[in-house]
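S.K.: Use these hints to put chain B onto chain A, whose structure you have.
Number of protein chains: 2
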Amino acid sequence: MDDNKAMVIFQPSGRRGEVLKGVNVIEASRLLGVDIEALCGEKKVCGKCKVRIEEGRFEKYGIESKRTHVSPWLEKEESKFISPKEKESGYRLACVSQIKGDVLVFVPEESRAGKQVVSKAARDIHIEHNPAVKIYYIEVDPPAFEEPTGDFERVCRGLEREFGLTDLAVDIFALRELPTALRDGKWSVTVSVWNDKEIIRFRPGKAEHSYGLAIDIGTTTVAAYFCDLTTKGVIDTVSMMNPQCKYGEDVMARITYHMTTPDGLKRMSDDIIEGLNSLIDQAIQNTYPPKKKRKKKKGEEGPDEYMEVPEKGKTYLRVTKQDIEDLTIGGNTAMHHIFLKLNPEFVGLAPFPPVIHHSLDIKARDLGLQINTSAYIFVLPNEAGFVGADNVGVLIAEEPYKKEEISLIIDIGTNGELVLGNKHKLISSSCATGPALEGAQIAFGMRAAPGAIERIAIDPKTRDVDYKVIGRDAWRKYSEPKDMKAKGICGSGILDLLAELYRAGIITKSGVFNRKELENHPRYRINPNNKQPEFVLAWAEESSIDKDIVVTQKDVRQIQLAKGALYAGCKLMMRRMGMEKMDKVKIAGAFGTHVDRTKALVMGLFPDCAIEMIESIGNAAGDGCRAALMNRRKRAEANWVSRNVEYVELTVETDFQQQFMEAMQIPHMKDKFPHLEGVVPEKILNQ
Amino acid sequence: MDDNKAMVIFQPSGRRGEVLKGVNVIEASRLLGVDIEALCGEKKVCGKCKVRIEEGRFEKYGIESKRTHVSPWLEKEESKFISPKEKESGYRLACVSQIKGDVLVFVPEESRAGKQVVSKAARDIHIEHNPAVKIYYIEVDPPAFEEPTGDFERVCRGLEREFGLTDLAVDIFALRELPTALRDGKWSVTVSVWNDKEIIRFRPGKAEHSYGLAIDIGTTTVAAYFCDLTTKGVIDTVSMMNPQCKYGEDVMARITYHMTTPDGLKRMSDDIIEGLNSLIDQAIQNTYPPKKKRKKKKGEEGPDEYMEVPEKGKTYLRVTKQDIEDLTIGGNTAMHHIFLKLNPEFVGLAPFPPVIHHSLDIKARDLGLQINTSAYIFVLPNEAGFVGADNVGVLIAEEPYKKEEISLIIDIGTNGELVLGNKHKLISSSCATGPALEGAQIAFGMRAAPGAIERIAIDPKTRDVDYKVIGRDAWRKYSEPKDMKAKGICGSGILDLLAELYRAGIITKSGVFNRKELENHPRYRINPNNKQPEFVLAWAEESSIDKDIVVTQKDVRQIQLAKGALYAGCKLMMRRMGMEKMDKVKIAGAFGTHVDRTKALVMGLFPDCAIEMIESIGNAAGDGCRAALMNRRKRAEANWVSRNVEYVELTVETDFQQQFMEAMQIPHMKDKFPHLEGVVPEKILNQ
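From first to last, the protein sequence lines stand for chains A and B. Residue 250 in our numbering sits at position 250 of the first sequence; the count goes up by one each step and never skips. Residue 365 in our numbering sits at position 365 of the second sequence; the count goes up by one each step and never skips.
Everything labelled a hint here was simulated from the structure, so no lab data went into it. These figures come from a predicted structure and were not determined experimentally. Every clue listed holds true.
Derived contacts from chain A toward chain B, CB cut-off under 8 Å, selection only:
#1 Pro143
#2 Asp151
#3 Leu340
#4 Ile362
#5 Asp366
Derived lysine-lysine pairs resembling BS3-like cross-links, with alpha carbons at most 25 Å apart:
#6 Lys363(B) <-> Lys197(A)
#7 Lys291(B) <-> Lys312(B)
#8 Lys341(B) <-> Lys186(A)
#9 Lys266(B) <-> Lys321(A)
#10 Lys197(A) <-> Lys197(B)
Partial selection, computed: residues in chain A whose CB lies under 10 Å from chain B:
#11 Phe145
#12 Glu147
#13 Pro148
#14 Thr149
#15 Phe152
#16 Arg154
#17 Val170
#18 Leu178
#19 Arg183
#20 Lys341
#21 Ala350
#22 Val355
#23 His357
#24 Lys363
#25 Arg365
#26 Ala384
All residues carry an ideal CB built from backbone N, CA and C; glycine is no exception.
Chain A on its own, in the form it takes in the complex (with noise of 0.2 Å):
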């Protein structure tokens, strides 16, 4: 073996290969394909990457490790984080380990990136049905000595004849396709045609359906609708992590992780290319019959064989990847710049100038994108700053230009993006809620995934916790507590968590622990380590970590940031436009669609309106994307409303810390909270 290598093995995975010495564990897991957590990007604050360094000699992989085989212990970063009895049994942090020489290394349950129960379903918006890719179907005559012009001619004179298409260009992929189609066709094709103006694919005879798909890249998760451009129909959603999560959980992480590794942007690039061919293979996959391997017969040898088993009655599309001959992407101006590997470097400098507003139409080849050869993808276009195609996409599908109505649009990601106005002003911001409200640099912070607590409710009286967790029907006081296997909290719990903290009379309406009151309760503790007040939400026994799941005093300085940041955001864009009131609050995102909207208000995630007010949009954004789809003028559309959007730089507004500061407290003035009697006991409102 190389002198400069080391034999690094993860476990429980089993990966393994060699690394050259000297990087780091989380840098040695992206090589062998392992996923750990690392939602600071490196930058060693968020503790979530801890590992286990295996001392002795594993025979079974021939290889000796020691704990001196990884970089010392560095007491300054490594002690916040880990205990030191954890520190003994051999845990470190996996971005300050470097590999010194072959080691065994044990990925602990918490510290891995599972992957995420995403719900960003379709809704059913109307869409005008206007596909950009349309097909055709033409019938011609054969080439006669009389009449011997060539085949793309012949099919170009049966589409203006037929249907009024003129001076249409070819892709060359398509074109090669061309004499056979005509021809197995007995002189009758199908022709697809983007925009009305390329012809991007034939097909022998007469064909009935294509498709497309229309896909969000949001920066923690990437959700995409399949839909057949015939029909206007969803057929599937399907939905995965941004596989560059492991770079960094916010988009400044990323653009930081561009800025120091040569080749990052590619291989974040190449990451979400990778990831979204994936998502594709998987809308695919759905529309064939699942397969089941064949019993083999009594001494039958030979390789395993599969065999389709469909379901009773169900009919399957069987869509190919040249099935597919369009695609619309939309997402945050970061995400945006670094699929098309754009340098994000100066949209995270002020004065945040984007490489481009306007929208995009590419040959998905030239990304390496795998859909039909020929076919062109849309990439929404940009608004400014970090508002980007994703904003464009809600924008289209809310469409607040074309209404009378005042309405406040909030999409919650871990970018928080935010669009105020009506058909005679708009105006949009982004504020850095950070990725709090979607469960990282949280203690016990994870994504919605199971074992993720999603709901809780405190008594107030006993403060005791019930809580509910992803993948578990019955809350925690219908249950064993083994059978809970609660492993962390997620975006939705963490919104809840802060609204019965305080309804608990548990923290203060400046967010501080009340120690007064909680001396004494069995949940309420001063952490030995760092010497801060933690309340326990769930108890080691509950776990699936074995571990207390606690909310420490940051946690809730995290989500007050957060919630901050965005009720700030709402305030100084109302001031604006010099308006006290909205007609309608629009949640989109992930958040939107499980958030409650009382506690929201509560809270004061946003400024006061009726409840009934509050209306969840979801993914609007995909909605968006799948809107441009089916409906070329929304492509127009979308061009149009990015460079009439007023964008403000709220960083700048005047009073802005001012504002953020007051936007932190819990509740922001209960003088506007009077539809709040009732909900929330008199003498917290009363605070």
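M.R.: Just chain B now, kept in the frame of chain A:
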């Protein structure tokens, strides 16, 4: 070693490798990168692919080669070309000999496909300067908080303000360069715009030049003009043999190769793309100073270093591949289709419909052409049948459709293309001249390479032969025999030959050897193998192949067929147009630049006209490509003319056969050549 494979070594090149048993020697030579002449495309009729199978144990190579390691002798096919003596020493036809075991194959000089000497210089034709790719320099303000517009929109605004360009698209690969270019250029940038539609390049600061190539893909020769798009100047002319020649000499042989060989189209296409890339490389290399190996100091080790040695007073353009921003391409329909991987099968079958007539704009990267990543290539449109984009090139260079005078334009290549008419009407047709006029299908025919006889004079009295070879200035009679090193006869020599044989009374006007007159002449004899009469042009001692170079009765027939096809084609087209005479006869193609106009008339290559009306227009197809490169309006003109030339399928004209037979006579009709008196001896003219 795999039992299904055998080791093959080619000498004298020394190329070696394993091939599947069962493939023939030609195929093996292709796989191992050795070029063996295969003029007939392995139809077993040209006899050009003679090789010698060496017998013995070749310790040096670790193999034992036996003559039985190739398939058995085929009497019918091989005895026609291989004498009993040659057979005895191991000669075989490479196209019929299949590899059965390890062999060492010697490829004699006359069977090697040599590097051709090509003379396709750029003519000085008038071209309006309006290239499809233009460069624009602009300066913009840097982004600020009040004006945070993105890079692309910032540049677009500048282009609109300064140059009136609007609605520009941008290639994604170019866009990736923009942020860096803008900042490196301190907010000034040079933008390359294609057809006022799409930005294909950003360069920091002010750039002065951009470059383009105009390429004519001939069946046998590929020629490229390397041009400065900004100054219209031709920087260099580079050329090469079409690497597809190894698959067959003429268009039908190539089409047959596609139809009979799996992946044949891909192979031929890949070969021409690879060839074009090397041609591009060659053009670029010429813009740098030559390199010399640096002498090592005494005792110095390490790899060789090379340094540039500029010629005094010479400046070098130092062009990179990225600097080549446009490329235009023409070729006959078969070359066009094979280059683009379009199925050429149906162009070869009546009624010969091409896949497409219209011109194509294709991203160079989609074809694997290594020029600027975002650049397009422009492929000229096709007319009909085999009259392709090359003939359109001839037309837009010569513009007969703008003139009152009636011209006959003859493009003589492996395929002959004819255009007749003026601004009121133009007709075109093609005739299968075959490769005889280029030296193929002739016993000692060869390409215009060193050693090829290119001029012949036969004394009418003594019937002794004088000649000149390529690569040597002195004629035979002023040289020592051993200095001639003759190898064969090339195209221009062949037309000389027919005229001289006739002028000296060696053949009659019907093309038959004048046996009675030749009896006892030392140069005249009956070949003992095929019992055919032949006439010696160069004795073995004057050759580099140690053989008498002869012209056979069959050769004369081949030449007659070629010239008959051309002559009959011209006649039939004139009849179609109801005309007796033209104002101009223009001869295009490499052949045209070499041919002796008088002899061409004597031989009846085309209908009679005054000698001063005959004009050689050189590589007019290439000139047309250059016109399209430099003036985008020529592209529209090309599409217009390609659809407005009436194509005549000669072979279906009534009495085509009759006309053809008559045209094979030499000269066609005496009374039509009054101006030949004095040029041709009276006796012969009266035959």
